[in-house]
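So the protein sequences, as listed, match chains Y and X. Anchor point for the first sequence: position 34 equals 33 in numbering that gives the first Met the number 0, and the numbering is continuous, going up by one each time. Anchor point for the second sequence: position 262 equals 261 in numbering that gives the first Met the number 0, and the numbering is continuous, going up by one each time.
Since the hints were derived computationally from the structure, they do not count as laboratory data. Values in this document were obtained by computation on a predicted structure and should not be read as measured data. There may be inaccurate statements among the hints.
To be verified - Computed list of lysine-lysine pairs in DSS-like fashion (alpha-carbon distance at most 25 Å, straight line):
| no. | chain 1 | residue 1 | chain 2 | residue 2 |
| --- | --- | --- | --- | --- |
| 1 | Y | K91 | X | K83 |
| 2 | X | K91 | Y | K165 |
| 3 | Y | K90 | X | K91 |
| 4 | X | K195 | Y | K83 |
| 5 | Y | K90 | X | K83 |
Claimed, not checked - Derived, one-sided and incomplete: chain X residues facing chain Y with beta-carbon distance under 7 Å:
| no. | residue |
| --- | --- |
| 6 | L43 |
| 7 | I44 |
| 8 | D47 |
| 9 | E79 |
| 10 | R82 |
| 11 | K153 |
| 12 | L159 |
| 13 | H163 |
| 14 | L170 |
| 15 | G180 |
| 16 | S181 |
| 17 | V300 |
| 18 | T302 |
| 19 | F342 |
| 20 | T346 |
C-beta: ideal position from N, C-alpha, C; glycine also.
Number of protein chains: 2
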Amino acid sequence: MIDVADLDDIAVGGAILGTGGGGDPYIGKLMAQQAIRKYGPVRLIDVDEMKDDELAVPCAMMGAPTVMVEKIPQGGEIMEAFRKLERFLGKKIGAVLCAEAGGLNSTIPFIVGAAARLPVIDGDGMGRAYPEIQMVTFTMHGVSATPMVVVDDKGNSILLETIHNKWTERLARTATIEMGGSVLIALYPMLGRVAKKASVRGTLSLARRLGQILRESRATHAGAVAAIVSQLSAATIFHGRVTDIERRTVGGFARGDAKFAGVDQYRGHDYRIEFQNEFLIAERDGEPMVTTPDLITLLDVDTGAPITTETIRFGLRVVAIAIPCAPQWRTPAGLALVGPRYFGYNTDYRPFRASERAP
Amino acid sequence: MIDVADLDDIAVGGAILGTGGGGDPYIGKLMAQQAIRKYGPVRLIDVDEMKDDELAVPCAMMGAPTVMVEKIPQGGEIMEAFRKLERFLGKKIGAVLCAEAGGLNSTIPFIVGAAARLPVIDGDGMGRAYPEIQMVTFTMHGVSATPMVVVDDKGNSILLETIHNKWTERLARTATIEMGGSVLIALYPMLGRVAKKASVRGTLSLARRLGQILRESRATHAGAVAAIVSQLSAATIFHGRVTDIERRTVGGFARGDAKFAGVDQYRGHDYRIEFQNEFLIAERDGEPMVTTPDLITLLDVDTGAPITTETIRFGLRVVAIAIPCAPQWRTPAGLALVGPRYFGYNTDYRPFRASERAP
């Protein structure tokens, strides 16, 4: 069961899997905790516990995160999106699925789980955060993002049916902007038999575990970073100090790059991380080290706390870690959706392996 | 019954009621004629022939007119919009209503009437053309524009539910642009008892009559303009020659103004007509003569053919006529929706009466 305290951990773990982006989980956490206080704890189930013909539906926030805590007593817009989709499908929904375990959307499904008294599946469609609707493993398995319901805070709603998931992204994105920049969505309805193949498993309990590690390490002054790296089969790629940070907004993306001077055993090397909402490519001395779809995460060297693109500042001491992505992303279909070339980087994907950790 | 030849007349009459805008009815005519050739003629009924609890639904094209004749054999996107709305409402639709009798949308309902074998109601929601969704008499009677279905030529569709009709306009407009600039819509579903109060009556048979007059006057060399003015309880406001024409696109509107030097008995006066898609205000020597919601229409001095904002050119000889609008528009609620101040003109509406015709 997921209780109020678990949400604290999931939010922290979600920020680690958010790889610098994904939206601040704090806001979603507040809303999910409010819902759990009102409706009781939420059951987290393995996807195999679903019946093959049961319906699972991911729920998420799209656009800029907004607090809507005062609306949770009625379940808020997210419940409206959920119920509208259920009504349109004409079939009861049996479980809530997470679209994006990284960032804000690691916590949003628990609002629906609590208010609708439904289990949340331990898994998601990314194993991390990505900025666009079609960037989920569900797309690779032929799951349509639509019918999708978009609900705003004023009471307007839109039900989309599109010919493919990139059109869903285009139409839902323009609607989100026109609706004020922040909406709640229900999309990618799928049967249990599909969810079993199409989802990345165990990512919500992983987020909770990462949060626990960080919380416990803090209490005991133990090595938070080392514990996280070990939990994730990850590897440290460098220790560094921020020497430069540049951000700009291009086509709705928070784009930019951060430069670092290596410290300790990494001294003498220059590092650079580029981001488009999320960290997407890390370089050492101008050569790519790690790229999307593998996860690049920055942690505070002392506390192990995850650092987002917004909080990077000159002089900050960080540990950069790389985490192997979900295996589904390493297929040709996965790389076509989220590989470095999709994001405009002129480099091939080379799978990161923790055993090849940098010197 | 409305047959292929009737559509020729309705399209011409629709252009007259289009007051310079409303989209070229020629394209809609081609599609409606194709549908009638395939499915047979369409019954045009008085709204009083509807049962009170029968459902009427307006269908229209939104955005830039596009020919989709090749899709009519299946009924095309407009039938998809119509059927999706019917499915969502869970009630059979009994009649097709026209949203806008001026311009392109005077002919679109006949595609659905033919393909769905349903009657088309002789009336509309404007008695003319206007550029925005909420600008219909239906709005004044509290009819919601939603649920509304928007369908594009690629196979994407959107179902909107909004808190008021101006939000429908905003959200459907951005979707239309993102979908390529031209979509088919079904909206403003209403019961017969509502349609009887909320619609402007007789406007499609009026459009057909205007087309007939023009056709017959041409054949007999009789005075086309005089016959049209008489049919419409209209009045000539000036004869002029175009001395200047300026067009620009602002916020999706084709805005601009045309200047005229008076000729014949109007010599010595300068005239000016401003437009935002449709002609909205006519001035003589800098003073307003006629404004929206009354209709301002330009006719070719020789043939009586309607002249749109796109076809105005330097040197053209025109007759400008003014037509009293549907009485519903002259109420405070009507003027709030489409009066001169809504369009940004700093002048009050003064109802045009044909008896006060200019010298």
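Verification of the hints:
no.	hint	verdict
1	Y/K91 <-> X/K83	21 Å, holds
2	X/K91 <-> Y/K165	33 Å, violated
3	Y/K90 <-> X/K91	22 Å, holds
4	X/K195 <-> Y/K83	31 Å, violated
5	Y/K90 <-> X/K83	18 Å, holds
6	L43	33 Å, violated
7	I44	32 Å, violated
8	D47	34 Å, violated
9	E79	10 Å, violated
10	R82	13 Å, violated
11	K153	6 Å, holds
12	L159	6 Å, holds
13	H163	9 Å, violated
14	L170	6 Å, holds
15	G180	13 Å, violated
16	S181	15 Å, violated
17	V300	45 Å, violated
18	T302	43 Å, violated
19	F342	22 Å, violated
20	T346	31 Å, violated
Checked against the numbered hints above, the structure violates hints 2, 4, 6, 7, 8, 9, 10, 13, 15, 16, 17, 18, 19 and 20; every other hint is satisfied.
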